[in-house]
Every structure is written in structure tokens, then in C-alpha cells.
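Student: Each protein sequence line maps, in turn, to chains A and B.
Going by numbering that gives the first Met the number 0, 118 is the number at position 119 of the first sequence; the sequence numbering is gapless.
Going by numbering that gives the first Met the number 0, 173 is the number at position 174 of the second sequence; the sequence numbering is gapless.
Calculated directly from the structure, the hints in this document are not laboratory data.
Backbone N, C-alpha and C define an ideal beta-carbon position, used for all residues, glycine too.
Some hints could be false.
[What the hints assert, rightly or not] DSSO-like, lysine-lysine: derived pairs with alpha carbons at most 27 Å apart:
no.: 1; chain 1: B; residue 1: 40; chain 2: A; residue 2: 201
no.: 2; chain 1: B; residue 1: 68; chain 2: A; residue 2: 105
no.: 3; chain 1: B; residue 1: 68; chain 2: A; residue 2: 106
no.: 4; chain 1: B; residue 1: 68; chain 2: A; residue 2: 201
no.: 5; chain 1: A; residue 1: 73; chain 2: A; residue 2: 105
no.: 6; chain 1: A; residue 1: 76; chain 2: B; residue 2: 68
no.: 7; chain 1: A; residue 1: 76; chain 2: A; residue 2: 105
no.: 8; chain 1: B; residue 1: 40; chain 2: A; residue 2: 176
no.: 9; chain 1: A; residue 1: 73; chain 2: B; residue 2: 68
[What the hints assert, rightly or not] Here are a few chain A residues that face chain B, going by a calculated C-beta distance under 8 Å:
no.: 10; residue: 39
no.: 11; residue: 50
no.: 12; residue: 54
no.: 13; residue: 72
no.: 14; residue: 75
no.: 15; residue: 170
no.: 16; residue: 201
no.: 17; residue: 203
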Amino acid sequence: MERVSENRDPTRDRMAGQAHRIDDTILIREAQHGNRAAFEELVRHYDQAVLRLALHLTGTEQDAQDVYQDAFLKAYKNIGSFRFECSFYTWIYRIVTNLCLDHLRKKNVRKEDAPVVKDGDGGEYDLLDQVPDGRAGANPERDLMRRQLGARISGALERLTPRERMVFELKHYHGLKLRTVGEILHTTEETAKNTLFRATQKLRGQLADMR
Amino acid sequence: MKCEWVRENITLQVYGELADDARHELEQHVARCADCAAELKVEREFHALLSAEREAEPSPNLLAASRMKLQEALETAEQGGFWRRLAFDPANWLRQVNFSPALASAILMVGFAGGLGISYEVFGHPPGPPATTKAPAPAEASITGIQSITQEPGSNQIDIKYNTVSTLETQGSLNDQRIQQLLLFAARNNYNSGVRMDSVDLLTKKPDVLQVRDALIYALQYDTNPGVRLKALDGLGGFVKDDVQVRDAVLQALVSDSNPGVRTEAMRLIEPVKADGSVRGVLMTLAAKDQSQYIKSQARTMLAQLPEID
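Chain A on its own, in the form it takes in the complex:
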């Protein structure tokens, strides 16, 4: 969620970022002393990104909600052992990526069709339908091409190993630095770089005809 702001002041943004980190430190300490409200505030700082990651790696709202729940419950139960050796951001991402990797490893489905998501009532809807079309009159042909592209990309991502997919997701869709990706996945930046290279080479091979 972003605030509407016509003229963003970079100094103010930096200070807001610093204030955010200081705020997290206070919230973590409070949560470690049993302040549940502080933990819930901490959750609010990160939960949209966590839910987005879970939704795109699991493919269903129900599974995404389960991963979200498991991740934050695990964080709540173990926050006493958080020693500020890394940022809370890295720590919570580490928890949720491990849960998503477990999910990906158990999953044994090759999706050839359009990415379909199940809602809470068991009905299905195309994930691409959720991307709003800003224009009043959408082009049906373009919509079809976009759906096909989305389906092909989704299918190609399914063919990556869980680790390759995770590195690609975190780098390409979440914009994290590879150094951070390495910290989250308990590996080195160099390994994350090599994994990203392998993932993109595989994806290029799968999608060569679409360029």
C-alpha cells in the first residue's frame, strides 16, 4: 500500500525508512516481552509482501493463507530467539521461503494451462483476471495474448527446481538484491547469482518462441 504523494522527498523517504527500522526494533523488543499488540503491528509491516509471495508460489488462496499463518505463528513463537543478527525483514522472509520451498517440493503438478487460483468458496478464477485493465475499452485480442503469455510463463516457472524458482521469484518479482536473497536462503550471494543465471537460462529456453 502506498500513500498518495505528489512530490516525494527522497530525504523524507530515507528518514521514514530509518524511522521504520527503529520502529521495528522497538516493536521486536516489545514483542519479545510478550506484547502481542506490538507483534501484530510488526506483522502489518510485512504481511502483504509475505502473502503475495505465498500466493504466487502456492497458486491457491487457501495454501497462501496457510503459509501466511504458519510463517507468522512460527515468528511469534520464536521471536524470543531473534538476536538482531539480521534484519527482521530477512528473518521473516527466511521463514516464509522455507515454508514455500517445502510446499513446492511436495507439489507434483505440471501446469500447462492458464494460472488458476481457487478462492475461499472453492470456485476458480484466472489469476490474470485480477490484473486491472486501466483502459475503459480493453482489447480482447490483446487480453487473449496476455493470458497465453501468463500461462506460458507460469508453466515455465513450474519447470524450475524449487530453489531456482524461489531465487527467481525473490529477484525478479520482489526486486530483492541477490545478497539479501542469499541471506534469506542461507547461502552465498555467489550461489544466488549462479542459481539466477540457471533459472533465466531455463526460462529463456522454455519461452524462446514467444520473443
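Following the hints, put chain B in place on chain A, whose structure we already have.
Tutor: Same frame as chain A, now just chain B:
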């Protein structure tokens, strides 16, 4: 510069992950090598192709439902035992202190901790000179914890550092930063709902301050007292049109608040922005599935007033 090295690092170049010197070398090579320049072009086009498909964001409904489910689970979850056994809990201690409601002139009663040093004699030895202290006598303050205990070798003197809590008082206007900080603290952390209500009431007079608006959003989403949540809605209502974060918080309250009065007020506040895509989506869900007949009927009425989408 070998083409092989360039090919291995083109992906990192496109993602902006190359070190400055490596990036410079690569750019220099690509300027001279047609094959590598073509490869870079292909990689950039591929990157653009993958980025053309925007990731869908989780819907406000999914986020609100996930938060509610987590809140319920946290009520019965327990934290790990080690720190809770060892760490002193001043928040728990403060619940036993009687707080007075904040007055209209913004006088607040707040507790602070300070460190003190004091020497005591070893038990069993003849009494020595009176203990020296740099702080008020212990009778004037309450001890909250012991920081350290040290004894000089060969001496009967023991040094103990302990923390105390003393009550302080401050005065000021709503424009004082210090007063604002204390009000923000009280709105989020106080166990007494009356104090939280008073602080949120005062904070609604300063909603243009970002931290205040954040605190009002927090109160709306997490305060256990519906009166406090209603008061927070009062302060946020004017920002539903221009602040997306406020709008999302009000929508979440409309969808998932446990109090009908809060939901009704949230419904009233989103009326001016009912044409917004995310608001329309929530209204459609409420009109179809909400348990409350009033909310259902209001949502249907609002949707009927909107133009059809092609």
C-alpha cells in the same frame, strides 16, 4: 575480455547486480562485440517479456481474512519459554499501576525507568558506614530489576545496580512533539481503554501528521475496544479519498470488524469513493455474502448508484 565471461554475466547486468567495475568492462566489450551486443539485446527483451505480466496483488478480502485468522490463532499461541522466563516484563508490571485519564490540557502520567548504583554491606559483618546512594531512597520509588552485582576482592563492599520506576508528569499543547510522542505511545500500548480513548480522541485533531495517521489506522485495525476504533474512524474519515492506506484500512474494518457500529460507520465513510475499483469489489462481495442484512442492503444500494462496467 572474453565473450564467455560476458555471456555468464549478462543476466546480472540486466538485473543491475554487477559491480561497477565489472559493469563498465562489460559495457566496453559489448560496444565492440556485435555477438555479445545481440545477446544483451535478447536478454533485455526477455526480461521485459517476463516483466510485462504484472503480478496480481492479494485481494483486500484475502488479506483481511488472513489477518483475522492470524489474530485468532495468536490468542492461544504461546511464545518460546526461555526469554519469557528470564526477561522482566515492565508492561505486565505497569498493568498493576493505577493510571489517571488524560486531561483536556494533555497532562499525562507516564512511568520511566532509571538506573541507580548503591552499596550494601555483606550479610553477617559488623555494620559499616551508611550506604551511599546517588538516587532518592528506595522508599520513594519501586524496584523493577537488578542490573548487576559485583564485589571488590578482599572487601566486604558489594555494588548493586538496580532499576526503579518513578512516575513523572508533563504538560504541553498538542503541537508539542513530546506530547504527541506520549499520546502515540498511549494509543498503542496502554492497558486502560479509557486512556487509549482519550489519546486517540486528541490525536484525531492532528491527522495530517503521518505518525498520527498511522496510529489511528493501527487503533482502527487492532484496538480491542470498539469505542476506540470508532474514534479512530472519526479521525481518518477525511482521508479516505486521498490516502490509499486509509482507504484500505477502512475497507478492512467494513469487511471484518466485529462491531456493527464500526462497520456501519466504515460503510458511510467509503460512500464518496464507491466508484474506486477496490471499493467496488468489496461492495460486490458484501452485497452477495454478508451476514448482516443492513450491510448487504447498503452495499447493494451503493452498487446500484454506480454506472455499469463494460
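Student: It remains to establish, for every hint, whether it holds in the given structure.
Tutor: We went through each hint and held it up to the structure:
For the hint pairing residue 40/B with residue 201/A, the CA-to-CA distance comes to about 18 Å; that is within 27 Å, so the pair holds. Taking the CA atoms of residue 68/B and residue 105/A, the gap is near 24 Å; set against the 27 Å cutoff, the hint holds. For the given pair, residue 68/B sits about 25 Å from residue 106/A by alpha-carbon distance, which is consistent with the 27 Å threshold. Taking the CA atoms of residue 68/B and residue 201/A, the gap is about 38 Å. The hint is violated against a cut of 27 Å.
Pair hint residue 73/A plus residue 105/A holds up; C-alpha atoms about 20 Å apart against a cutoff of 27 Å. Taken as a hint, the residue 76/A and residue 68/B pair is honoured in the structure, with Cα atoms around 16 Å apart against an allowance of 27 Å. Proximity of residue 76/A to residue 105/A is assessed by CA-CA distance (about 25 Å); at most 27 Å being required, the pair is judged to hold. Restraint check for residue 40/B and residue 176/A: satisfied, since their Cα atoms lie roughly 23 Å apart, inside the 27 Å limit.
Using a Cα cut-off of 27 Å, the hinted pair residue 73/A and residue 68/B holds, with the two alpha carbons roughly 14 Å apart. Taking 8 Å as the C-beta contact cut-off toward chain B, the hint placing residue 39/A at the interface holds, the least distance being around 5 Å. Checking residue 50/A against chain B: minimum C-beta separation of about 5 Å stays under 8 Å; hint holds. A hinted interface residue such as residue 54/A counts as satisfied when its beta carbon comes closer than 8 Å to some beta carbon of chain B; here the least separation is about 5 Å, so the hint holds.
Checking residue 72/A against chain B by beta carbon gives a least distance of about 6 Å; that is within 8 Å, so the hint holds. Interface hint at residue 75/A: satisfied, since its Cβ lies 6 Å from the closest Cβ of chain B, which is below the 8 Å cut-off. Because the closest C-beta pair between residue 170/A and chain B is about 6 Å apart, less than 8 Å, the hint holds. Hint status for residue 201/A: violated, given a least beta-carbon distance of 12 Å to chain B, over 8 Å.
Contact between residue 203/A and chain B, as hinted, is supported at the beta carbon level, the nearest pair being about 6 Å apart and thus within 8 Å.
Going down the numbered hints, you'll see the structure goes against 4, 16, while the others check out.
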